[in-house]
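Engineer: Sequence:
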Amino acid sequence: MNLIETFSEFKTDKNIDRPTMVRVLEDVFRTLIKKKYGSDDNFEVIVNPTKGDLEMWRVRAIVPDGEVTDENTQISISEALLIDSDYEAGEECYQAIYLEDFGRRAIMAARQTLISRIMELEKDEIFAKYKDRIGEIVVGEVNQILKKQLLILDDATGNELLMPRSEMIRADYYRKGDVVRAVIKDVEMRNNNPLVIISRTDERFLEKLLEQEVPEIEDGLILVRKIVRIPGERAKVAVESYDDRVDPVGACVGMKGSRIHGIVRELRNENIDIVNYTTNLQLYIQRALTPAKISSMEIDEDNKKIAVFLKADQVSLAIGKGGSNIKLASALTGYEIDVFREAEEYEMEDDVDLDEFSDEIEGWVLEQLKQVGCDTAKSVLRLSVDELARRTDLEEETIAEILKILVAEFEADE
1440 MNLIETFSEF KTDKNIDRPT MVRVLEDVFR TLIKKKYGSD DNFEVIVNPT KGDLEMWRVR
1500 AIVPDGEVTD ENTQISISEA LLIDSDYEAG EECYQAIYLE DFGRRAIMAA RQTLISRIME
1560 LEKDEIFAKY KDRIGEIVVG EVNQILKKQL LILDDATGNE LLMPRSEMIR ADYYRKGDVV
1620 RAVIKDVEMR NNNPLVIISR TDERFLEKLL EQEVPEIEDG LILVRKIVRI PGERAKVAVE
1680 SYDDRVDPVG ACVGMKGSRI HGIVRELRNE NIDIVNYTTN LQLYIQRALT PAKISSMEID
1740 EDNKKIAVFL KADQVSLAIG KGGSNIKLAS ALTGYEIDVF REAEEYEMED DVDLDEFSDE
1800 IEGWVLEQLK QVGCDTAKSV LRLSVDELAR RTDLEEETIA EILKILVAEF EADE
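Here the sequence shown is numbered in this note's numbering, starting from 1440 and rising by one per residue.
In short, the hints are calculated from the structure, not lab data. In this text, a Cβ means the ideal position worked out from N, Cα and C, and glycines have one as well.
Cut-off 27 Å, straight-line C-alpha distance, at most; resulting in silico cross-link-like pairs (DSS-like, lysine-lysine):
| no. | residue 1 | residue 2 |
| --- | --- | --- |
| 1 | K1570 | K1587 |
| 2 | K1760 | K1732 |
| 3 | K1624 | K1766 |
| 4 | K1568 | K1647 |
| 5 | K1624 | K1665 |
| 6 | K1766 | K1665 |
| 7 | K1750 | K1809 |
| 8 | K1624 | K1570 |
Label-pair distances were calculated between CB atoms; the ranges are:
| no. | residue 1 | residue 2 | range |
| --- | --- | --- | --- |
| 9 | S1555 | A1535 | 23 to 31 Å |
| 10 | D1686 | L1756 | 20 to 28 Å |
| 11 | E1801 | E1580 | 49 to 57 Å |
| 12 | D1658 | M1558 | 40 to 48 Å |
| 13 | E1527 | N1631 | 52 to 60 Å |
| 14 | N1582 | K1475 | 44 to 52 Å |
My request is simple: use the sequences and hints to build the entire structure.
Structural biologist: Right, dumping it as structure tokens:
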């Protein structure tokens, strides 16, 4: 078992910088020297990381015969001349030390120490390398499919990456050998092993995909202000241009959607709204709620709330499927947005505010209805049971009971 061969193997196979490798090897060999000679103060260890070999020299002062007081630091002239016939008293004697001098058992122990130290170094190297790359896109191949996660091999480095199921888009389906694109979300040490977690649901994944597809973003002409996502369903991206001649929305979408279509396919048909950022809050809210058209709004700056009023046919557009549009608009702008249907003049006289039914309908149920833009009895009655069930978290039995109470109110008036 040759320690030098072990060194050669590792310096070829492991991606560790030379100064670090030299330092580790010196430490290992100096430990060997200390065990045999008691000290390494008068020894020189020269490591050649290019060739994968080393030299060890014992340096002692040459003194006349019979005057040696410390064998570790001094050597008699007679012994020195056996090493080199040109030595003279008063000079320093350099004596080569060979691995064989340490014995097989010591060399085996040192070899194991060297292997474990280099393995630790490699782990630290992987951790540091990926830590600096958080937020970057990686491409890899599915190596193993587990119940809660996928193990991916990085195409560039061969290192193992981890993609938890929670970081996958709902429509994602992979088989072994499939190619995966994702963003490096986090790097952590678990049981002294580096764990590189990648994600396809993180906002930074969409940001980097845009950067790859839109040269103006990479060049710094367009700034991505904020991204909010419901992965695989919908996303909103606020962009701003530093050049008045560049339309940020048009640049991101591309001619006939050429730039955005590839991203949409990568994200499993995620509907992406590109919004032109502005410091004009009313205009920003209007753009964030696209495709709905707002009639008016009331802004409560202190509580970061906005009441938005829309025509009846715009309410469902503002809310979106499963409330996705209003959720994302709220997250994008940083304001809690409440949608209200604008009552027509002819309806005002005979309609009844939902709060009037607080003695018959529970408060949390009324709140659910208001959140989907139904703040009057007739606005609820205009929707079917199926539509109300789709928009709210209410069960069909509860909805049927509500409709019965509301209908009874108008029948009593007649």
